[in-house]
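Engineer: Work the whole structure out from these sequences, hints included.
Next come the chains, spelled out residue by residue.
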Amino acid sequence: MRPFLHGAVTRLSATLSAPLSALALPVAAVAVSLALFGAFVALVGVDPVEMYQLMYRGAFGTWFSWQNTLTRAAPLILTALCTALPAQLGLVIIGGEGALVLGALAAAAAGMALNGAPAALVLPAMALAGMAGGALLIGGAGALRQWRGVNETISSLLLTYIAIAVLNHMVEGPLKDPSSLNKPSTPPLADAYMIGTLPGSSVHWGLVAGIVCAVAAWVLMRRTTFGFAARMVGGNPRAARMAGLPVGRLLVVTTALAGAAAGLAGMVEVAAVHGRASASLVAGYGSTGILVAFLARQNPLAVIPVAVLFGGIGASGGLLQRRLDLPDASVLVLQGIIFVVLLASEAMRGRLHLFTFARPTATPATKEA
Amino acid sequence: MNVMSRIVPQPIIPLGPADGAPAPGLEAVAITKRFGAFTALDAVSLKLRPGTVHALLGENGAGKSTLVKCIMGFYRPDEGAVVVGDREVVIGDPRAAQTHGLGMVYQHFTLVPRMTVLENLVMARASVPAVIDWRAERRRLAAFLDTMPFTVDVDAPVATLAAGDKQKAEIVKQLYLDARVLILDEPTSVLTPDEADEMLGLIRGMALAGRLSVLIITHKFREVMAFADDVTVLRRGRLAGSGAVADHTPDSLARLMIGDSSTAVPVERRGPPGTAARLRIAGLRADDDGGLPALHGVDLTVRMGEIVGVAGVSGNGQVELVQVLAGQRAATAGSVSIGDEPYRATREEMRRHKVHCLPEEPLRNACVPGMSVAENMAFRSFDEPPIARGRWWLDPAAMRRAALDLIARYRVKTTGPDAPIATLSGGNVQRAVLARELSREVDVLIAANPVFGLDFAAVADIHAQIVEARNRGTAVLLVSEDLDELLELSDRLVVMSHGAIVHETTPAAADLTVIGRCMAGH
Numbered sequence: 001m002r003p004f005l006h007g008a009v010t011r012l013s014a015t016l017s018a019p020l021s022a023l024a025l026p027v028a029a030v031a032v033s034l035a036l037f038g039a040f041v042a043l044v045g046v047d048p049v050e051m052y053q054l055m056y057r058g059a060f061g062t063w064f065s066w067q068n069t070l071t072r073a074a075p076l077i078l079t080a081l082c083t084a085l086p087a088q089l090g091l092v093i094i095g096g097e098g099a100l101v102l103g104a105l106a107a108a109a110a111g112m113a114l115n116g117a118p119a120a121l122v123l124p125a126m127a128l129a130g131m132a133g134g135a136l137l138i139g140g141a142g143a144l145r146q147w148r149g150v151n152e153t154i155s156s157l158l159l160t161y162i163a164i165a166v167l168n169h170m171v172e173g174p175l176k177d178p179s180s181l182n183k184p185s186t187p188p189l190a191d192a193y194m195i196g197t198l199p200g201s202s203v204h205w206g207l208v209a210g211i212v213c214a215v216a217a218w219v220l221m222r223r224t225t226f227g228f229a230a231r232m233v234g235g236n237p238r239a240a241r242m243a244g245l246p247v248g249r250l251l252v253v254t255t256a257l258a259g260a261a262a263g264l265a266g267m268v269e270v271a272a273v274h275g276r277a278s279a280s281l282v283a284g285y286g287s288t289g290i291l292v293a294f295l296a297r298q299n300p301l302a303v304i305p306v307a308v309l310f311g312g313i314g315a316s317g318g319l320l321q322r323r324l325d326l327p328d329a330s331v332l333v334l335q336g337i338i339f340v341v342l343l344a345s346e347a348m349r350g351r352l353h354l355f356t357f358a359r360p361t362a363t364p365a366t367k368e369a
Numbered sequence: 001m002n003v004m005s006r007i008v009p010q011p012i013i014p015l016g017p018a019d020g021a022p023a024p025g026l027e028a029v030a031i032t033k034r035f036g037a038f039t040a041l042d043a044v045s046l047k048l049r050p051g052t053v054h055a056l057l058g059e060n061g062a063g064k065s066t067l068v069k070c071i072m073g074f075y076r077p078d079e080g081a082v083v084v085g086d087r088e089v090v091i092g093d094p095r096a097a098q099t100h101g102l103g104m105v106y107q108h109f110t111l112v113p114r115m116t117v118l119e120n121l122v123m124a125r126a127s128v129p130a131v132i133d134w135r136a137e138r139r140r141l142a143a144f145l146d147t148m149p150f151t152v153d154v155d156a157p158v159a160t161l162a163a164g165d166k167q168k169a170e171i172v173k174q175l176y177l178d179a180r181v182l183i184l185d186e187p188t189s190v191l192t193p194d195e196a197d198e199m200l201g202l203i204r205g206m207a208l209a210g211r212l213s214v215l216i217i218t219h220k221f222r223e224v225m226a227f228a229d230d231v232t233v234l235r236r237g238r239l240a241g242s243g244a245v246a247d248h249t250p251d252s253l254a255r256l257m258i259g260d261s262s263t264a265v266p267v268e269r270r271g272p273p274g275t276a277a278r279l280r281i282a283g284l285r286a287d288d289d290g291g292l293p294a295l296h297g298v299d300l301t302v303r304m305g306e307i308v309g310v311a312g313v314s315g316n317g318q319v320e321l322v323q324v325l326a327g328q329r330a331a332t333a334g335s336v337s338i339g340d341e342p343y344r345a346t347r348e349e350m351r352r353h354k355v356h357c358l359p360e361e362p363l364r365n366a367c368v369p370g371m372s373v374a375e376n377m378a379f380r381s382f383d384e385p386p387i388a389r390g391r392w393w394l395d396p397a398a399m400r401r402a403a404l405d406l407i408a409r410y411r412v413k414t415t416g417p418d419a420p421i422a423t424l425s426g427g428n429v430q431r432a433v434l435a436r437e438l439s440r441e442v443d444v445l446i447a448a449n450p451v452f453g454l455d456f457a458a459v460a461d462i463h464a465q466i467v468e469a470r471n472r473g474t475a476v477l478l479v480s481e482d483l484d485e486l487l488e489l490s491d492r493l494v495v496m497s498h499g500a501i502v503h504e505t506t507p508a509a510a511d512l513t514v515i516g517r518c519m520a521g522h
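First to last, the sequence lines map onto chains D and Z.
The first sequence lines up with residues 1 to 369 when you count with the working numbering.
The second sequence lines up with residues 1 to 522 when you count with the working numbering.
Derived from the structure by calculation, the hints contain no laboratory data.
Note that the structure is a prediction, hence the values are computed from the model and not measured.
One thing to keep in mind: the hints can contain errors.
To be verified - Selected chain Z positions facing chain D (Cβ under 10 Å, derived; list incomplete): (1) R347; (2) M350; (3) N365; (4) N376; (5) A378; (6) E384; (7) A510; (8) V514; (9) I515.
Built from N, CA and C at the ideal position, the CB exists for glycine as well.
Structural biologist: Shown next as structure tokens:
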């Protein structure tokens, strides 16, 4: 692996300036969103400064809030990968929620079927089942796109509704635990089949799974021949075909991998948080994951800190409700504002360029140095 | 000696000024334009006299486009001034250029294909009323066209016009927008020689009548000698020379253009072509983008060490043929085989049979614009050693090393292997693709208009490379819209019309009348 490391080092200095400039726009978008949200809460009579102090405390202020934040970040990393991976091929997939739900259902079903077997067998089986469930859904959207010309954004969105309907049908029908009366769900997993927490914390191992997957996704896309081929397809399918690349196979495999990531998030939610599959799995992690991926500019590594940020925003919701009497959902307003501002900032990209046009020598010259 | 009167093929139509005042001149004074540390233009001056045609010559990357973009307000020059008529003007954006009477016609068409000429012209105006009185607009345009030395069918959708008519419509559009100084960027690169001569003759006629001042960017000496009054030559961002065309010969212009740098010596075709068939196409059919049949059973064989030229008017299936062979389009019937094996353009087959491609518009067809030069150069080799380790792992350092070697060997002008390939000039993108496709062993080469829009040194270089590949035993299929290129390079020449091969000959035995008739579809 020596040349591998050597290459990484020599390229580091050359590639450092690019991420820095790529960072400016998302950071500015978040800052503008925070200002807008502050104005919004000021309208309902809450002091924005006090609110942001509370939000910070609820998200990152104490060890307790950090644990809450990281627990929420784990599934967000995985569902964000569901959007970020296909984006390398130029696809816009927004079906992370459906893949999470189907993965959770498949994992719960596997846990039920193997009930009694040793945990060392059941947990991997649940993880595989969850990944297969998600892969089936998003890979299906990729296959529809490749061989039937169906727009992958729309199909992945609509497949999400089908996945949720399947979940509801299964937990209210064939897989229902007879004792779950008010809230239909599958039978609870035995404690032995629950994923434990990281030593000395309440954060479950799903966070590690998420980080490992994000790093693996980055390595796959940046350091393997598969990722190189995928980026060729994403950049110019015509050139990829001229190089003889199997465009269809790359497309379906990448979308399936993306779905598998979100499916794994579903398995983690079942085996680490809920202990069973029920309608409460539809908690918005999939849709927030889309936002995380866009704010991370579809970079699998950047997904990790952005997911932590959004985990924090989610974690602070409870504190806002208790202290400021703001509804729990107000953090969703902030998320929505960030998404809209972010999309608007993408449209600004070209125009901001115009402002710097008058002094074109300034920026490149400093970059050269 | 008056060169013009000897070469100009058709009479010049004299025209009085349409509306009074004669066209103004244009002067660029000591323009300097820097991009970061790179100086694209170094105090370049150009003087376009009123009512004349002025040619701007230079190799790729010499700064011709940069100069014109500074004049038209796309770039703001770091130093220097632009003078229109006798007033210095500051042109901040292309719209300001329009108000000063400057109009530009681009190499590629900018009209909306699905709209008619009339609709395109009305929409291009600076202020379009909310409700358009089409009858009045048509009357006004018809009256305007009466003052033109040529006509355009204003009710035809632009998509249905031939290339020459599209170019005329672009020019009419600029004149209709009141342009008095016209800048043409390689206006003839998409035209047949006859269309080009006709168009340039008309432009020159209008300039002689004092109606226009014209600046033409071109690569073609013949057009400079025949149609321009003055010429300015750029080399590497500096003024290499200027003056009256009458004082120059093609040789003196070539020397100014390429300076002291050596150009590749033309490589002669050596020996007869081989006898073994390498590429065999039988009964090939394919549809175009709209799903209509574009190839109606193409039969063609290319032997080892042979260049087979495919001539034809563009739009007769050449694009689809190349795309099928390059793996970019699926055939609907027929077969392609290499040696004795069927060929479906998979990566494995391309590698085994050593099939390479030089498509037209390489940035669009053969590159990923956002990826770096090094990455683009690795498209054929990224999944084999030394760039790939153990089939899966990429070694970016090896990729960079390979690119640095190719950049040096093929003289690609770039700030480095990590620059996005879209930042290179057209000729250098072409060189980068050439380096990628020809630096490896090549048994079959598919080339489509490989020198389209390139300057003369690059053309000679690329032609030499293709012939050299042929001499090494490569089977070359060369599709081109330039008949001279085909006659110069081919061992065998076929004519394609309406999606089929309709004529076959050798350059030595070629009868241009017959070829012309076949190309026209008779």
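Engineer: Output the numbers, in ascending order, of every earlier hint that fails for this structure.
Structural biologist: 7, 8, 9
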